[in-house]
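Chemist: Given these sequences and hints, build the entire structure.
Protein chains: 2
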Amino acid sequence: MHSEQRAIADGLLRSHGINCALFANPLSVGWLTGYVPPVPLGGRSPFSGGPLLVWYAGGEFVFIVPDTAAADAAASACPLVTYTTYSVDEPIAGAVHLADVLRAVAGRSALTSTAVGVEAVDLPVSLWSVILAGLPSTCAVVHIDGWLKPHQMIKTEAEIAALRASFALTDVGHHAARGAVRAGRREIDVWTDVEAAIQRAAGRRLSLGNDCVVGYRQNNVGGWPEDLEIRAGDAVIVDLSVVYRGYHSDSAATYYAGEPSAKQQDMHRTVARALEQGLALIKPGAVACDIDRSVRQCIAAAGHPVYAHHTGHGVGLSPHEDPRIVPYNRQVLAQGMVLMLEPGIYYPGETGVRLEDAVLVTDTGAEVLTHHDKSLP
Amino acid sequence: MHSEQRAIADGLLRSHGINCALFANPLSVGWLTGYVPPVPLGGRSPFSGGPLLVWYAGGEFVFIVPDTAAADAAASACPLVTYTTYSVDEPIAGAVHLADVLRAVAGRSALTSTAVGVEAVDLPVSLWSVILAGLPSTCAVVHIDGWLKPHQMIKTEAEIAALRASFALTDVGHHAARGAVRAGRREIDVWTDVEAAIQRAAGRRLSLGNDCVVGYRQNNVGGWPEDLEIRAGDAVIVDLSVVYRGYHSDSAATYYAGEPSAKQQDMHRTVARALEQGLALIKPGAVACDIDRSVRQCIAAAGHPVYAHHTGHGVGLSPHEDPRIVPYNRQVLAQGMVLMLEPGIYYPGETGVRLEDAVLVTDTGAEVLTHHDKSLP
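Residue numbers (our numbering), protein chains in the order written: chain A, 1395 to 1771; chain B, 1395 to 1771.
Hints listed in this document are in silico derivations from the structure and should not be mistaken for laboratory results.
Computed from a predicted model, the values in this text were never measured in an experiment.
Virtual Cβ for every residue (Gly too), placed ideally from N, Cα, C.
Hints are not guaranteed to be accurate.
Reference excerpt, derived from the structure (chain A facing chain B, CB under 8 Å, subset only) [to be verified]: (1) Thr1478; (2) Val1482; (3) Val1519; (4) Gly1597; (5) Arg1598; (6) Gly1603; (7) Cys1683; (8) Asp1684; (9) Leu1754.
For each label pair, taking beta carbons as the anchor points, the in silico distance ranges come out as [stated by the list, open to error]: (10) Val1535(A) to Glu1484(B): 24 to 30 Å; (11) Glu1623(B) to Gln1729(A): 40 to 46 Å; (12) Gly1679(A) to Ala1464(B): 36 to 42 Å; (13) Ser1655(A) to Ala1527(B): 56 to 62 Å; (14) Ser1688(B) to Val1535(A): 50 to 56 Å; (15) Pro1432(A) to Glu1484(B): 32 to 38 Å; (16) Asn1613(A) to Ser1531(B): 45 to 51 Å; (17) Ala1401(A) to Asp1684(B): 52 to 58 Å; (18) Leu1505(A) to Asp1483(B): 44 to 50 Å; (19) Val1536(B) to Val1681(A): 49 to 55 Å; (20) Ala1487(B) to Ala1656(A): 28 to 34 Å.
Modeler: Structure (structure tokens):
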């Protein structure tokens, strides 16, 4: 898996004269190997020795993982090196074992390297010191954080297939959300209906973001579902991100407990128009900030306050990646990018609307990847 | 919050002559500040500049967090330093902003330090280089990874209250699980019932682990719920860990689709006896490996295979921490520890049983913190 990605990284490193490199950013490691980590519980896993690592040397990518991840990591078709993380016969010492295998894997190639790349923003000091100890004094150290990002913007066919499957699950979630929003229920009740529907459809546990907020919240742009009751006439913004096979989907809609007011209907129609206008502009050669400006103007022209957040962003192994659809960004769109557009109108403490679609940039235009019902009731 | 913990850490660092220190392990940061991070989605947050940090100097603990966490982090009552992680006016550059504020916070005190402590297993190279650049050449660098662990074993009153609330939620989950296990349903259906019940009771989104496995799995010790159907007579092990206010609960039980067989009943009664025997041994002065041996012997004496996993472990900010109840561990139990005991019997590909309780070590014995029904149907 992901041999296309490794070929790109290989070419990139060679073109900069880098003959060894250590990748530690989980997005880089996922992109280079296709490995999908388990649903996280938070905190720091007691059985992890540190981040998943990819060591690059001599054109080869070696994948260093805890023994518990070996079976899943084998699908990457990279040479695999594992270390012990769990035993009842000795104290938990994953960090020590990881440093040991890194020394064994990287030691020989580091000795003869002239330039070594490192993802310094994610690599722990304890592991870097292992590499540093073996480097010749003449070896250059190059921070390569963010180097893969421009390449990660353009999705492969396999990535687009994974994203389609992930977006299909947010569609399932939105179908459940539309039925779940009723007066007398709470944000958390809507959320649990959505989460259960998505996981039942997927047949497995999945991470789920992002927002489920009733309109009368003071900050009604986003937030976790809470113990807040939905009253008749309230709007609820539901913004869903499913992580499926490592790929993040995203999509939002706004639902109502009963009949929306005339103001809410006007807001909803305005946001829908802004979204349509933005989607119509997406094609290879379009410029991110032009789309941003056009969508914001559509909201302003209708006399509503313009949202403070981004108009859109890329998605993939991360829920928010390049290209960002924001005022400063002169990024030119290209075939294979997958973008979100998500205009909204918010009256703090009163009501809010957001609608969001995903779109794949094709050779001539765009294909919408989200198929949830965003209409007024 | 957590000023008791900071006083302990202050004394510990002083006793080693360390006058500056940088904490980067999320468990250390949570323990020193009481800060509870949001439910994670996985991967690497695009809006994080790096780990949450605590900088110690002159007896003071400065908490360095992204601006989005400032409101929640204020409850720590530590001096707070924030950095920008999100803007629509500039590219996302949290890592750069974090390095800048760390330089500003640590620069002056690092200049005059004689010994600086660092959690090297979790501190990224990019942030350590900021500190290193300001250290006098005579300053000693001391790796302090794991130094807080022995102190984290003993819970404060506030931590015990948080753990009680977390265990109350796993009790809710088990009540739902007992009703959810029926022939024709799948592991994932049981899981979504449990997850919804817990989140509805809590009134908010929560992370939930650990296992939901039907007995006929080849590895039936643990694993995520999958698309596997429960058949009449099957056992399902449900092992739940809720992360509430940062504190992990844990507890397991085994449920049956219909009537358990004579063999399953014998297994279940044997495991219940082993668990009771283990719980009866817990008191201040007891030794971890003695408890481990006693519980394993109870399983072996009944003629069943002895489980390969630990007999138990501590819980707190981590789902598995010291003291481990394992064969090698001569740790003496003390008042204020919170332990899990979880014996099981597994016949791979056929059926399995595990029962698990939590217990607080009191001044004279033990108090069971889990109150779920673990009986046979």
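Chemist: Evaluate each hint against the coordinates.
Modeler: Checked hints:
1. Of the supplied interface hints, the one on Thr1478(A) is violated, with its beta-carbon coming no nearer than about 14 Å to a beta-carbon of chain B, more than 8 Å.
2. For Val1482(A), the interface hint holds, since its Cβ comes within 8 Å of a Cβ in chain B; the closest pair sits about 4 Å apart.
3. For Val1519(A), the shortest C-beta to C-beta distance to chain B is roughly 4 Å, which falls under 8 Å, so the interface hint holds.
4. The interface hint given for Gly1597(A) is met, as the beta carbon of that residue sits about 3 Å from the closest beta carbon of chain B, less than 8 Å.
5. Evaluation of the Arg1598(A) hint against chain B yields a held restraint, the C-beta minimum of about 6 Å falling below 8 Å.
6. Annotation: interface hint on Gly1603(A) holds; nearest CB of chain B at approximately 5 Å, less than 8 Å.
7. Taken as an interface hint, Cys1683(A) does not check out: its beta carbon lies about 10 Å from the nearest beta carbon of chain B, beyond 8 Å.
8. For Asp1684(A), the shortest C-beta to C-beta distance to chain B is roughly 15 Å, which exceeds 8 Å, and the interface hint is violated.
9. Taking 8 Å as the C-beta contact cut-off toward chain B, the hint placing Leu1754(A) at the interface is violated, the least distance being around 20 Å.
10. Between Val1535(A) and Glu1484(B) the beta carbon distance is about 27 Å. The supplied range of 24 to 30 Å therefore holds.
11. At about 43 Å, the beta-carbon gap between Glu1623(B) and Gln1729(A) stays in the expected band of 40 to 46 Å.
12. The hint said 36 to 42 Å for the Cβ distance between Gly1679(A) and Ala1464(B), and at roughly 41 Å that hint holds.
13. Taken as a hint, the range 56 to 62 Å holds for the pair Ser1655(A) and Ala1527(B), whose Cβ atoms sit roughly 59 Å apart.
14. The hint said 50 to 56 Å for the Cβ distance between Ser1688(B) and Val1535(A), and at roughly 54 Å that hint holds.
15. A hinted range of 32 to 38 Å for the beta carbons of Pro1432(A) and Glu1484(B) is consistent with their spacing of about 34 Å.
16. Evaluation of the 45 to 51 Å hint for Asn1613(A) and Ser1531(B) yields a pass: the beta carbon distance comes to about 49 Å.
17. At about 57 Å, the beta-carbon gap between Ala1401(A) and Asp1684(B) stays in the expected band of 52 to 58 Å.
18. One distance hint, 44 to 50 Å for the beta-carbon pair Leu1505(A) and Asp1483(B), holds here, with the actual separation near 46 Å.
19. The beta-carbon spacing between Val1536(B) and Val1681(A), approximately 52 Å, falls within the hinted interval of 49 to 55 Å.
20. Checked against the given bound of 28 to 34 Å, the beta carbons of Ala1487(B) and Ala1656(A), roughly 43 Å apart, lie outside it.
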